[in-house]
Structure formats: structure tokens, C-alpha cells
Amino acid sequence: MIRSTILLTMLLTGPICAAELYEDKKVCNIEIVLDSNDPTAVIDANTLLARLKTKKGDDFSQLIFDNDLKTLSEQYERVEPIISLQNGQIVISIHVFPRPTIHEIRIEGNDHISQGTILSELNVQPQTIFNRQEFNQAFNKIQQYYHKKGYFESQIDYKLIPIDRTNEVDVVIQITEGRSGIIKTIDFQGFTDAEKSDLSGQVYLKKYNFLTSWLTGEGLYRDEALEQDRAAILNYLQNKGYADARVDVALNEDAQSGRLTIEITAHRGAQYHIGEVTLVGNTLFSNEELMKRAIITSGDAYSPDKIRQSAEAMKDLYGQKGYIDAVVQSEASLKGDEPVFNIDYMIDEGQQYKIGLIHIFGNSTTESHVILRESLLVPGETFDSRKLKATQQRLEAVGYFKSVNVYAVRTPDDAAFGENYRDVYIEVEETTTGNVNLFLGFSSTDDIFGGLEITERNFHIGHIAKAIKGNMSALRGGGEYFHIRGTAGKKQNNILVSWLNPYVNDTLWRLGVELSQTYSTLQEGEKVITYGGSVTASYPLSTFWTTGMRQRLRHSNDHISLDVPKDFVPSKQSRTSVEEALNQKGLISAFSGNLNYDSLDNSHKPRRGWRSYFESEVAGAGGNYQFAKFQYINSIYFPLWSKGTLKFRGDLKFLVRFGKTQEEDIPYSERLFLGGDREMRGYKPFFVGPLVTLTNDAGQKSTINTPYGGLSSAFFSLEYNQEIFRMLDAFLFIDTGTVSKNQFDLHRFSATAGGGLRLDIGNRTPIMVGWGYIFKEKDREHRKQPFFFSMGGTF
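The sequence shown: position 615 = 1910 (the working numbering), numbered continuously.
Derived from the structure by calculation, the hints contain no laboratory data. Just so you know, not all the hints are guaranteed correct.
[Said to hold, decoys possible] As a list, the in silico DSS-like pairs of lysine-lysine whose alpha-carbon atoms are at most 25 angstroms apart:
1. K1955 x K1880
2. K2036 x K1924
3. K1454 x K1587
4. K2073 x K2036
5. K2073 x K1861
6. K2036 x K1822
7. K1479 x K1501
8. K1822 x K1479
9. K1348 x K1320
10. K1938 x K1880
11. K2079 x K1785
12. K2036 x K1880
13. K1535 x K1601
14. K1649 x K1630
15. K1822 x K1880
16. K2036 x K1996
17. K1900 x K1501
18. K1443 x K1454
19. K1444 x K1351
20. K1535 x K1443
21. K1996 x K1867
22. K1867 x K1822
23. K1786 x K1764
24. K1351 x K1321
25. K1955 x K2036
26. K2071 x K1996
Please work from the sequences and hints to get the whole structure.
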């Protein structure tokens, strides 16, 4: 023991003693020695000595010398110093070992991945200098590639083989591939069909699918995923009452394909049930009131999750009454030798609290009032734990913060409030709220298009003056929404600028302003140019209902060229009257009121709920036109099963002229149209409804290939959507609709049916392709566009 202590002391104090031995002594000589297998190798010692801060004649400093060695190690494979004392002065000899040159890279042990692929992943070339740190980083890419391809057992290493009398090495990469991790089958043993269906949506590991796995990354084995799946399956069985359940997993290699087969076997044991449920410590609420919140009853299958959730539900009941420190604990005990658990809930009700002060932390950019307006907590009110949770959820949903934490703390002793108050702390960590996106797309309606989009979700319009002076960061923090979008394409050019304040003066009123300019030639010979703006205001009446109003000004310049057949000569009067009806130029000034209902469960990909919008608009208070517009738009979603959704859509739109404006005077850009890849799929855009009809001098009529637009339209659609996997959906539809030139006139409905695929490979990158069939035979000649597609994204 004593010897070990002495040896350890010497090892620890040796470097310190050496440093003290040389420190502050004169350096009498410094020598650079090249150690190389290549006898012809030379070194410029003077250049290297010039790079050192340790100089001949200086006092020696261990710190400075260490930095010199680090400098040399950036250039050489290895650096070894030798320091000695001669006549009380320091002699330094530094041996440098040059980095070798890679002569050849060889791959050994690869059977399934080609040498070319491995070298491509490595991306290191022969006849280059071997830098160990950089090579190791490149080498790790090979291991990552093998794991990506599913070789979960792969072992990869490399060695260097020096070549005699040269400073070159051969790099030999040694690979043990192991079994393929591509999953051929996952076999659940000891489970019912219903349980297999439940578990298939919960487990991470999936069967490999040739068509989709390359995109989703599913179908490859991973150890960590298997352990998560094992835990999830065990939890699933225990919550069905099998408290003694065990899950075994066997991995086997399929002899023919070499792929992995996974066999998951359940050993259930006895099924346990819940016996007597007792509550102790409750005085504020009766047993009956508390058990109404519980989701367990005597006789149910034993479920740890349901027992825990019942305790949380009871605690929430106390929290709603201000007892935010209430504690509800559960204890399960076996009833003798029976497979029955008695459940005891021990309740510590604590004290009722009121809300004290609200403190905000972490908001360096976002103004405090922007955060407070999302809070449902009011100082002085009795605490309600539901509002505490809802406040955190609302702040998380606004998108201004990377993290949000809302909690109650004891008020300081010197606070003006009493002991029965708790302060609220709102801690936030801000995140970026601005986006700049370039986008590019292609569709059967617009052809190719692209543009630029700038969005700031936490804008502050009141600080524009500060931004003009150079403080651009001042434009953030006001809780407003600002958006600029410019689109340029073969058929459309648009500019849109919008601003929205969702809480005007911290009230529930929303105020928005929008400016736009459009140039459209969606059909040959049709040119529609508009520019204008609108001001909107809205107010939420309840969780689902919102009412609003809008004032818009729009200048329209419509120019429609008639596609007249060469063998038909219309009369001058007929042509003139049609051209006057289609070519309108003037100002539209309109005011509208609207009512909106929205109960969708997800705005991006809804499966349940109803969205309904009614708007009534009157144009005529100023401007060149007098007409009214009424529209009622509905979308209803019904989940049929876990991945199937039925959608019903019904739109009614009407234009009504009054005053000096006649039916044919309503601008072309305001008229109603149907057709394209979203409404009446299978028809060309705008080609549902009336086309232009001309008359010649003999009274003969000819319908030409130019949409006229209408004053009344109806559109109804029934669509079934089936999720194939998370990013890919298939859909089937039946569309029916009509457009009429007359007011409140709905007849001559047309219908289409078809299907397609929707692929969303990332945020704002949708791809849709489909096919529609027109039932009216006479419409198939000039109006059909059976294939429709659209794609676009940001980069």
C-alpha cells in the first residue's frame, strides 16, 4: 500500500517538477529533426524555427512551448520534443514526423455494398496527404451509410500499412457487414387481429416497402427502435390487465432474400382486474364527485395508465377550484391470491390559492403585452389549473418561442398579498419568426411559376421609423403578421402585401390590411389586370364562431380577345356587344360582412370538423359598378377509420346587379367560374358554364372557345381520402357543379369523377397528380383536361 502511494505521487508530481526544473532557464539551442521513412525527404528547419515563439537565448516558458508544439502538430503527423539541461541551460530537440501520402485505398470484406459506392462515400483520393482527423471524419460516413442501408451489425475499421523507404501508406478499410437490417416481415405471435392493428400504428419498426421506404426511411432495423417497441408493446399488454406480461423478440435472417424477419411473441400470464377503489383524505369533494372524473371502475381490466390518468383527473378537479398544490397518489395492492388489484387513492387537498402577480422572463424582443394577451390568468382571481395549462398551450401555438414554461410560485414574503396567493411565472425562450422563401412550381393551370416570399410572424409596424434609421431588429416583437409574396409565371404575375394585427389595442378585434396587383392570362386571348387593396376587421364570438367586415377597392382592366372560327363571320353588332360585355375597365368599391364557423381538428390536414363561411358584399358606394355578391362555402370532414376521411364540400355563389349596372356590365374579373385542379376536376380552368356565343348577319349562332363567366354558381364535391403513409394520400372524388349567366339560376349541372395522389415531402412542398372524367359527352371535345397536377416548394 505504501509503495503504491509513493508511485502514484511520483507520477502525479513528475510533470510539475519537470516544468519547475526548466522554467525561466535560458534556451541555448533549438534543433528540428525530421524523422521519415523516405531517405530523400528534406526539411526547411529555419522556416520552422521562425514559426516558433520559443527562441534561442530566451527564458524558457512551458506555456509558450506547448503552444509551439500545437502549431507544429497542425502540419505534421506527430511531434516529439526532447528537452535536456547542459551547463544549466536548456537544449531542445524537436522530432517531427511528416504526414504520409496515401498510395492506395483498399476495401476488404464488402459483399453487398460495392467498392465504388464506399469510395464515393469516403471521398478521399489516393496521392493526397493523410490527415488523420480529416480522414476519421470522412471514414465515419461509411459507417453511417451502412447503418442507413440497414446493416445494423456492421463493424468497420481501417489500418495504415507503410511502404518501405517511402513516406507513403496504403489505407486498408476492413468491413464486417453482418446481417442486412432490411425488414422483410414483422410477425406478432400471441396477439389478436385487433391488437395487431393497434400495435402496427404504435411501433417504430415497419416492414420494408420498395415503393415508399426510400422516401420515408422506414423498413430498416435499429436497436434503439426495437427497445422502444418492446417497451411500447409491454405497456400495451399491461394496460390490458396483463401485469406479468413478457415480450420476447427473435431476429432471423431469411435464407432466400437475406433480409431480416422479426418475430415478436407475447407471454401474457394471468389477466388482472380492478377490485375495490377507495379514496382517503378528501373533504372538499365527495367520493362520487371524484369518481366521476376517474376512468376506472371496479371490475375493469387492470391498467396502470388509466389509474394514473384518473389520479390526474382528480387533481385537475381540485386545481379548477384553486387547490393547485393538491396531491393525489395511488397505490395498488393484490387482493389475496386473486388476480385482482385494489386501488387506494390518498389525497392531500392542500390550500386554495388566488392569482398574485404575473412575471415574464426571457423575452428580449417580444413585448410583454404581446405575451400577456395570450394569458387567461387574471390577478386576484381564484386559480384554475386548466387556465394555467391553456395559457402555456396558447403561447406555444403563437410560434414566437422555442420553449414556454408557465407555472405558479410562492409569493415573496414582503408581497402585498396574503399567504393564499401564488404568483405566475411565464418563462419563454425566443426563436426566429421571420422567413424568406424562394419557391418554384408547375401546374396544369398555371404552367411553370416561381417567386419570392417574405414573412414575419412577430412584426411591429410601430417601429418602422426606427428601422428606417438602421435598427432593423426593431421591426420584431409587436405580435403582428407581415407578409410579402411576389409570383412570376408564364400565365400569372402577382404581388401581395399584407399586414395583420390579431389583437388591436390588446382586445380580441383583428385588423388586417392587404395590397395586391395581378396580371393574369390563364386562357389564350384573356388578359386581366387588377390592383387594389382591402381593410378587414373581425371578432371571435366564441371558440368556433367569428364575425367580420371588409372594405375593398379594386381597379380592374379586363381585355378578352374572341377566339372566332375562321369559317364564321359574326355580325358587327353581335361582336361589339360581346366585346363590351367582356372588356371592362373601372373601379370597384365594395363593403362586406361575414360570418365564419371553424371546428376543424387540423388546419393543414383535417380529419374531423366543419368549416363554414358566409359573406354578403355590396359594391356601389363609390366606384363604377353596382352589384351585390353572396357566397356560402362549406367543408365537412368525417373520419371513417384510422386512415380514411370523407370530405363533403358545398359552395353557393351569386352576383346580383342593381342601379345602373346591367348583368353584362359586371367586370370579367368579378364573375364566377369553375374548372381546373380544385373545382370540377377534369374540366379546363374556367370552362364549366357558358361560353361566348356570337351571331352572324343571317341569324346563325356559333359558340366559341372563350368562357363567358356567370352570375350564379354552385359546386358540390364528395371526396374520400386514404392515407397510405404519413406523406402520401390517395383520393377519390365526385364533383358536380354549374355556372349560369342569370341571377339566382342553378340548372344544367355537370359532373366529373376521378382520383389521384397527394404527396407532401416537406413543409410547403405539396405535389398533387390526378385524373378526372367528364360525364357530359358534349363537354369532352373542347372543355376537358383529364389529367391535372401541381407541384411546388421552397428552397
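Cross-check of the supplied hints:
| no. | hint | in the structure |
| --- | --- | --- |
| 1 | K1955 x K1880 | 16 angstroms, holds |
| 2 | K2036 x K1924 | 14 angstroms, holds |
| 3 | K1454 x K1587 | 69 angstroms, violated |
| 4 | K2073 x K2036 | 19 angstroms, holds |
| 5 | K2073 x K1861 | 22 angstroms, holds |
| 6 | K2036 x K1822 | 21 angstroms, holds |
| 7 | K1479 x K1501 | 9 angstroms, holds |
| 8 | K1822 x K1479 | 57 angstroms, violated |
| 9 | K1348 x K1320 | 15 angstroms, holds |
| 10 | K1938 x K1880 | 50 angstroms, violated |
| 11 | K2079 x K1785 | 21 angstroms, holds |
| 12 | K2036 x K1880 | 20 angstroms, holds |
| 13 | K1535 x K1601 | 10 angstroms, holds |
| 14 | K1649 x K1630 | 42 angstroms, violated |
| 15 | K1822 x K1880 | 12 angstroms, holds |
| 16 | K2036 x K1996 | 17 angstroms, holds |
| 17 | K1900 x K1501 | 23 angstroms, holds |
| 18 | K1443 x K1454 | 24 angstroms, holds |
| 19 | K1444 x K1351 | 58 angstroms, violated |
| 20 | K1535 x K1443 | 36 angstroms, violated |
| 21 | K1996 x K1867 | 13 angstroms, holds |
| 22 | K1867 x K1822 | 22 angstroms, holds |
| 23 | K1786 x K1764 | 39 angstroms, violated |
| 24 | K1351 x K1321 | 8 angstroms, holds |
| 25 | K1955 x K2036 | 18 angstroms, holds |
| 26 | K2071 x K1996 | 21 angstroms, holds |
Violated hints for the displayed structure, listed by number in ascending order: 3, 8, 10, 14, 19, 20, 23.
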